[in-house]
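Enquirer: In this note's numbering, the protein residues as written are 33 to 306.
Worth flagging that the hints you see were computed from the coordinates, not collected in a lab. Remember, it's a predicted structure, so these values are computed and weren't measured experimentally. Some hints could be false.
Keeping only pairs whose Cα atoms sit at most 25 Å apart, straight-line, the calculated SDA-like set for lysine to any residue is [said to hold, decoys possible]:
#1 Lys87 - Met109
#2 Lys159 - His38
#3 Lys114 - Ser185
#4 Lys159 - Ala128
#5 Lys36 - Glu135
#6 Lys114 - Trp59
#7 Lys159 - Lys53
#8 Lys253 - Arg117
#9 Lys134 - Leu144
#10 Lys114 - Leu124
#11 Lys253 - Glu135
#12 Lys268 - Glu212
#13 Lys287 - Asn154
#14 Lys159 - Leu297
#15 Lys36 - Ala115
#16 Lys268 - Pro224
#17 Lys53 - Asp177
#18 Lys87 - Gly137
#19 Lys288 - His99
#20 Lys114 - Ala56
#21 Lys87 - Trp59
#22 Lys253 - Ala63
#23 Lys134 - Asp241
#24 Lys253 - Glu212
#25 Lys41 - Ile58
#26 Lys260 - Ala305
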Amino acid sequence: MLEKVHIHKVMTPIEIAEVQKLNAEIWGSQAIPSHQLLAAVQNGGLVLGAYLEKKLIGFNYCFVGYHAREIYLHSHMIGVNKAYREQGVGELLKHAQQEYAKEHGFQLVRWLFEPLEASLANLAFLKLNAISYQYENDYYGALQDDFNEGLPSDRMVVEWWIEREQMADSIDELEEIAQEIVPWTLTVDGLPVLDVDNVFQMEQSFHEDAYLLPIPQYLQKVKVESPKLAEDWRYKIRTILTTLFNQDYAIVRVKKHPEYVHSYLLVRRSLLAI
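Whenever a hint applies, use it, and build me the whole structure from the sequences.
Expert: Here it is as structure tokens:
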């Protein structure tokens, strides 16, 4: 993790302009306009900036959400300068977000993320102990930025309960007994492929306490080298997660493997304090 990175609230028009510039560098035409960010922070929203000395290297944009009588902090966007990714900046932003939520009386932080991005899954489920049991098909429609172009914009809804006790020991035990839902293998080009023989059936019922579901370790590599294979991952993971979520399973952890794939750990929601 990078040392000497400090996080603070972004409030002034000049700071907001810096955030918008970084936003545009990451997402191009999908970037949020600076006037919207400024209006948000002046009306209950939150923008956090991650600074290395005086240089902005990451940001997190949040606003207040409301669903099913629950008021929560919705984390809409988190971005890190390409040169500083995979160095813990996102985690620092998330913990600053957690402190803000505590100080302002929020019990829940929610966000959406790409189900096939292993690095985002690691942050949500391994480092932050969040959970997910809701899948949204093509949530944003067609997106044109470098991260999302070429695939339907499926998203999982992540819940991060601020004060809820973690069940680490129980989850460790469930991970040990978890069965793989479907197998994976490698193509002749050395890319991971899921369920080649299509053994998964939507109508089947699941009865075990825990299952493991592989996702590619490097989605962007798969997208570049084999767009059709990336689509295959998208639709198979969509089908499997929707089926398991509908049968009251939730993702509670990611199991990391040495290469090619990581695996979601899905457990029965009745075993969790949710």
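Enquirer: Work down the list of hints and note, for each, if the structure agrees.
Expert: Hint check:
As the CA atoms of Lys87 and Met109 are separated by approximately 19 Å, the hinted pair is consistent with the 25 Å bound. For the hint pairing Lys159 with His38, the CA-to-CA distance comes to about 19 Å; that is within 25 Å, so the pair holds. With a C-alpha separation of about 21 Å, the suggested pair Lys114 and Ser185 falls inside the 25 Å cut-off, and the hint holds. Restraint check for Lys159 and Ala128: satisfied, since their Cα atoms lie roughly 14 Å apart, inside the 25 Å limit.
Only pairs whose Cα atoms come within 25 Å are accepted, and Lys36 paired with Glu135 is accepted, the gap being roughly 24 Å. Distance restraint check for Lys114 and Trp59: the Cα-Cα separation of roughly 12 Å lies within the 25 Å cut-off, and the hinted pair is therefore satisfied. This hinted pair does not check out: Lys159 and Lys53 have alpha carbons roughly 28 Å apart, beyond 25 Å. Distance restraint check for Lys253 and Arg117: the Cα-Cα separation of roughly 16 Å lies within the 25 Å cut-off, and the hinted pair is therefore satisfied.
With a C-alpha separation of about 20 Å, the suggested pair Lys134 and Leu144 falls inside the 25 Å cut-off, and the hint holds. A hinted pair counts as satisfied when its Cα atoms are at most 25 Å apart, and Lys114 with Leu124 qualifies at roughly 16 Å. The straight-line distance between the Cα atoms of Lys253 and Glu135 is roughly 40 Å, outside the 25 Å bound, and the hint therefore fails. For a cut-off of 25 Å, the pair hint linking Lys268 to Glu212 stands: about 14 Å separates their Cα positions.
The straight-line distance between the Cα atoms of Lys287 and Asn154 is roughly 9 Å, inside the 25 Å bound, and the hint therefore holds. Taken as a hint, the Lys159 and Leu297 pair is honoured in the structure, with Cα atoms around 14 Å apart against an allowance of 25 Å. At roughly 16 Å between alpha-carbon atoms, Lys36 and Ala115 fall within 25 Å of each other, so this suggested pair holds. For the proposed pair Lys268 and Pro224, the alpha carbon gap of about 13 Å is at most 25 Å, so the pair holds.
For the suggested pair Lys53 and Asp177, the alpha carbons sit about 15 Å apart, so the restraint of at most 25 Å is met. For the given pair, Lys87 sits about 31 Å from Gly137 by alpha-carbon distance, which is inconsistent with the 25 Å threshold. Restraint check: the Cα-Cα separation between Lys288 and His99 comes to about 33 Å, which exceeds 25 Å; the hinted pair is violated. Distance restraint check for Lys114 and Ala56: the Cα-Cα separation of roughly 12 Å lies within the 25 Å cut-off, and the hinted pair is therefore satisfied.
Distance restraint check for Lys87 and Trp59: the Cα-Cα separation of roughly 19 Å lies within the 25 Å cut-off, and the hinted pair is therefore satisfied. At roughly 23 Å between alpha-carbon atoms, Lys253 and Ala63 fall within 25 Å of each other, so this suggested pair holds. For the hint linking Lys134 to Asp241, the alpha-carbon distance of about 32 Å lies beyond 25 Å, and the restraint is violated. With a CA separation close to 24 Å, the supplied pair Lys253 and Glu212 stays within the 25 Å bound.
With a CA separation close to 20 Å, the supplied pair Lys41 and Ile58 stays within the 25 Å bound. Using a Cα cut-off of 25 Å, the hinted pair Lys260 and Ala305 is violated, with the two alpha carbons roughly 39 Å apart.
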